[in-house]
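**Q** Letter by letter, the chains look like this.
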Amino acid sequence: MTTRTCRTFQTAPAAVPKDDTAKYLRSGLTAEGFQAPDWLVPDLEDGTAPDMKAEGLENVCELLPDFEFPGEIWPRVQWSYDDETVRAQGREEIDTLVRDVGDDIDGVVVPKVGRQGDVQRALEAVASAEADHGHPEGSIGLSVIVETARARSDLREIARLRTDPGGERLTALVFGPVDYTAELGGRDLGDGRPRWDGLLEALSNEASAGDLLAIGGPFDDLFAERAGVTVYNADGYADQVEREARIGLDGSWSLYPKQTIQANRIHTPTPAELERDVDKIERFNAAKVEGTGAVTIDGQMVDEATFKNFRNTVETVRAIHRTRPEQTDELYDEGLLERALELELSYR
Amino acid sequence: MTTRTCRTFQTAPAAVPKDDTAKYLRSGLTAEGFQAPDWLVPDLEDGTAPDMKAEGLENVCELLPDFEFPGEIWPRVQWSYDDETVRAQGREEIDTLVRDVGDDIDGVVVPKVGRQGDVQRALEAVASAEADHGHPEGSIGLSVIVETARARSDLREIARLRTDPGGERLTALVFGPVDYTAELGGRDLGDGRPRWDGLLEALSNEASAGDLLAIGGPFDDLFAERAGVTVYNADGYADQVEREARIGLDGSWSLYPKQTIQANRIHTPTPAELERDVDKIERFNAAKVEGTGAVTIDGQMVDEATFKNFRNTVETVRAIHRTRPEQTDELYDEGLLERALELELSYR
Amino acid sequence: MTTRTCRTFQTAPAAVPKDDTAKYLRSGLTAEGFQAPDWLVPDLEDGTAPDMKAEGLENVCELLPDFEFPGEIWPRVQWSYDDETVRAQGREEIDTLVRDVGDDIDGVVVPKVGRQGDVQRALEAVASAEADHGHPEGSIGLSVIVETARARSDLREIARLRTDPGGERLTALVFGPVDYTAELGGRDLGDGRPRWDGLLEALSNEASAGDLLAIGGPFDDLFAERAGVTVYNADGYADQVEREARIGLDGSWSLYPKQTIQANRIHTPTPAELERDVDKIERFNAAKVEGTGAVTIDGQMVDEATFKNFRNTVETVRAIHRTRPEQTDELYDEGLLERALELELSYR
Chain A
1 MTTRTCRTFQ TAPAAVPKDD TAKYLRSGLT AEGFQAPDWL VPDLEDGTAP DMKAEGLENV
61 CELLPDFEFP GEIWPRVQWS YDDETVRAQG REEIDTLVRD VGDDIDGVVV PKVGRQGDVQ
121 RALEAVASAE ADHGHPEGSI GLSVIVETAR ARSDLREIAR LRTDPGGERL TALVFGPVDY
181 TAELGGRDLG DGRPRWDGLL EALSNEASAG DLLAIGGPFD DLFAERAGVT VYNADGYADQ
241 VEREARIGLD GSWSLYPKQT IQANRIHTPT PAELERDVDK IERFNAAKVE GTGAVTIDGQ
301 MVDEATFKNF RNTVETVRAI HRTRPEQTDE LYDEGLLERA LELELSYR
Chain B
1 MTTRTCRTFQ TAPAAVPKDD TAKYLRSGLT AEGFQAPDWL VPDLEDGTAP DMKAEGLENV
61 CELLPDFEFP GEIWPRVQWS YDDETVRAQG REEIDTLVRD VGDDIDGVVV PKVGRQGDVQ
121 RALEAVASAE ADHGHPEGSI GLSVIVETAR ARSDLREIAR LRTDPGGERL TALVFGPVDY
181 TAELGGRDLG DGRPRWDGLL EALSNEASAG DLLAIGGPFD DLFAERAGVT VYNADGYADQ
241 VEREARIGLD GSWSLYPKQT IQANRIHTPT PAELERDVDK IERFNAAKVE GTGAVTIDGQ
301 MVDEATFKNF RNTVETVRAI HRTRPEQTDE LYDEGLLERA LELELSYR
Chain C
1 MTTRTCRTFQ TAPAAVPKDD TAKYLRSGLT AEGFQAPDWL VPDLEDGTAP DMKAEGLENV
61 CELLPDFEFP GEIWPRVQWS YDDETVRAQG REEIDTLVRD VGDDIDGVVV PKVGRQGDVQ
121 RALEAVASAE ADHGHPEGSI GLSVIVETAR ARSDLREIAR LRTDPGGERL TALVFGPVDY
181 TAELGGRDLG DGRPRWDGLL EALSNEASAG DLLAIGGPFD DLFAERAGVT VYNADGYADQ
241 VEREARIGLD GSWSLYPKQT IQANRIHTPT PAELERDVDK IERFNAAKVE GTGAVTIDGQ
301 MVDEATFKNF RNTVETVRAI HRTRPEQTDE LYDEGLLERA LELELSYR
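Chains as they are written, first to last, in the numbering used here: chain A, 1 to 348; chain B, 1 to 348; chain C, 1 to 348.
Keep in mind that a hint or two might mislead.
[Stated by the list, open to error] Below are the SDA-like pairs computed for lysine to any residue, each with C-alpha atoms no more than 25 Å apart in a straight line:
id, chain 1, residue 1, chain 2, residue 2
1, B, K23, A, E304
2, A, K258, A, E242
3, C, K308, A, A54
4, A, K18, C, R283
5, A, K280, B, D51
[Stated by the list, open to error] Chain A stretches covered by chain C per the calculated footprint, using a threshold of three residues with CB under 8 Å from any CB of chain C:
id, stretch
6, 173 to 180
7, 194 to 207
8, 323 to 337
These are computed hints drawn from the structure, not numbers from a lab.
Glycine is no exception: its CB is placed at the ideal position from the N, C-alpha and C atoms.
Based on the provided sequences and hints, a complete structural model is requested.
**A** Spelled out as structure tokens, the structure:
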């Protein structure tokens, strides 16, 4: 749990071979309601073709100043722990972004990092661009994609960089399952890629231990075909996002506006969940007057630890309500929302 | 596997708002048969209300000298890796316990520990109380509850403290799922809290690598309601304890006498299991006369490694028989128990 | 993913109490087709009875020079992280093997290693035998069996030994579930041993991070009985090997020729898998002419990361075709194999 909100990490190719090469970038910047991502990630890496990367960078630098995007902007640049040529391109992209739109971005996303030392290199690249172009120290964040065996091996050490001098800019750990599966030699035997449950549990833990955000990986089976009709694969994506929410990932990766709707919704407590936890806190608050440390409500013992879980639900709703009141107003009954906003949340 | 027995880690609030504030403590101390826990944990932390903690401490200090509890006694004190005020209360509780009932307790349980350095602080708090009140060095144990992201992150390093000077008093690693889930921001989407399988596997491993006990977390859905009738949730708890036993946890947390019965039973080999493994060892002992390193029994190859698993079963039964002969006598046929006690257990 | 091939790690007792004590060793050395293992592991440890170990060592030294085995030969010697007597026997066995058949073996397999320091001792034992008998530095490999809590705890550190001076000979990390389960006190409650999914995922990751092979553990429920008829347990073993293949283990342990057939088959891409991935690469190669970074094929987005997974399939087939053309010729249509061998595999 961190106080920063990133229910949705939506990547958009920075340039595509269409009349308007910035089409997807523009539609991400102007999305509304539950379709608006918390983080928009203009993608200069795998989503943009090699021969369109220069145009992609131009698109990002030209468009960002024109929009008042209510969430955060985190361009993804090129990087590779084992290829200095690619890292040099990444450093140039970081430098250009910080120089031209340093005030419009919250940070950069660096993929394919290796061990702790490679993440340190990325931290230094950002620090150096930040200093060169006169931005306040620490104002440009760094998020990394965990998608190599080396980064998984050093996950604990990478997360701990945040407490080092210069490491405060480290903000999110994002999973990259496709590269990761390729690097480990994982196989799809007809039932999809491995889920990497162990990695995801560790990602959630190390992010929480280091006060970082933890974000799930992309789901690329966007559409399913049945007897000649192609439909959006709503079940497949929702199943993945629910698994991620359950183990405490803060947000999910979106490749597509419908995915953004779903991830925003799933990472927002449901009305039933909010009702249940508001109710338990209200009943607990009444019971604590009687002075017992642990009370039983509906057959479940409630102590300070149980209480914290109920409080998480309410605090998440309050945070979303601050930045996206149109979403909470749409989702909850007025009466329930009011109870959630006014509830006493101290255990003692 | 350690030689110390803790099939059941039963917490009992040290004081509750009833006529007899020590009611649950007293009933834990006098439980009999399969209802008697291996470890009784008088709870001064979350199970006792803030305004009853002083009385809880008095209850513990007054009652313990009056009972001859056949298992071990491990009071749980207050602690917090990120709150020095709470730690100061914990140190005082440890000091009082060691001063007043140091001969009646086997150690203290410290919750909400953080990284390795915080566990070192807890080790020092116990060592200091022990020295101040003239107890032999190492006579007061320390068990910790793993329920923060930091403790999970440092699990390997925490377990290795046992081999440091002064670390020998470290005895058990106990899982605390409720606080842990709250800290990671895990969600109950209608099907319960996450199981944290990765953490439990690591807990079992690091405990075995460090010669520590590994104990599962509490199960707080004590009762289930069906069409107006409330019943004890026997299936839910037994499912959890069986999962814990399967992966080598030494014991399970109990909040309730019926849970203690179930956990004691599940962590004791079943008659069928004992019969099966005694039979395999007897047949292996016969086969080894013929001088083959690996023999096939019922389609399964048996070598020294397989043999160790069979031997674990028999040794667990022998250990329980030493401390709780009334339980083994009740559970097994006389003939089977006799075969288990007399079996030759050396592989060569 | 490493370039070295070990789909099958087949152990064969070095001596058994039969007229021909080298029976199983000989049959492993002469196996043909899909029954021929990639690695043959003459077993001087648990598979050979204590009083036949000397004869087992003789068998290995006598037989190896007589056969042209097309795969690799890796004898398993005795070892124990906590018993110097057993380690001394292991050092002697290593010395004898390197002296007598150093040119015929690819390395030795050392079981029951403990923490990183114990693996260093094993590396030194091999280095010393190699130097004493005039073999080129690094020519005799070392593979270790991960089957103790200490080795699991230090897995990351053990894998990193490969990058230390003298560590290059480290080749494979092999899982040993039977000893491991015994050491952790795991239980078979009627549904088999625990699967240790967390350990296997870590094994795959650390092996990939360290350019090592990762190999699954033995499956010892070789036969199943149904109404009086005993049959080979083909489903049980295949289920395990498929789980291992899915998460990127390079190969599986075989105890029996039928297991070798199955593991060789499962670790070889199926015709459908090869057809699917060849087709996707062909269509991607056509699409990339149009200059888009990510294209959608059958509803799945294909970028450089997705592409790597398809390429893995083709490269695995090419590697097997180089060493076992009789297997690839048998398995694939001529047309498909030709397409796989001729495909352009560069992403850009």
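**Q** Determine for every hint whether it applies to the structure shown.
**A** Results for each hint:
Taken as a hint, the B/K23 and A/E304 pair is honoured in the structure, with Cα atoms around 21 Å apart against an allowance of 25 Å. Using a Cα cut-off of 25 Å, the hinted pair A/K258 and A/E242 holds, with the two alpha carbons roughly 15 Å apart. With a C-alpha separation of about 24 Å, the suggested pair C/K308 and A/A54 falls inside the 25 Å cut-off, and the hint holds. Proximity of A/K18 to C/R283 is assessed by CA-CA distance (about 20 Å); at most 25 Å being required, the pair is judged to hold.
At roughly 22 Å between alpha-carbon atoms, A/K280 and B/D51 fall within 25 Å of each other, so this suggested pair holds. A count of 3 residues in the stretch 173 to 180 of chain A with a Cβ less than 8 Å from any Cβ of chain C is obtained; the coverage claim is therefore met, three being the minimum. Counting residues of the stretch 194 to 207 of chain A whose CB lies closer than 8 Å to any CB of chain C gives 5, so the stated coverage by that chain holds, three being the minimum. Only when three residues or more bring their CB closer than 8 Å to a CB of chain C does the claim for the stretch 323 to 337 of chain A stand; here the count is 0, and the claim is violated.
Violated hints amount to a single one, hint 8; each of the other numbered hints is respected by the structure.
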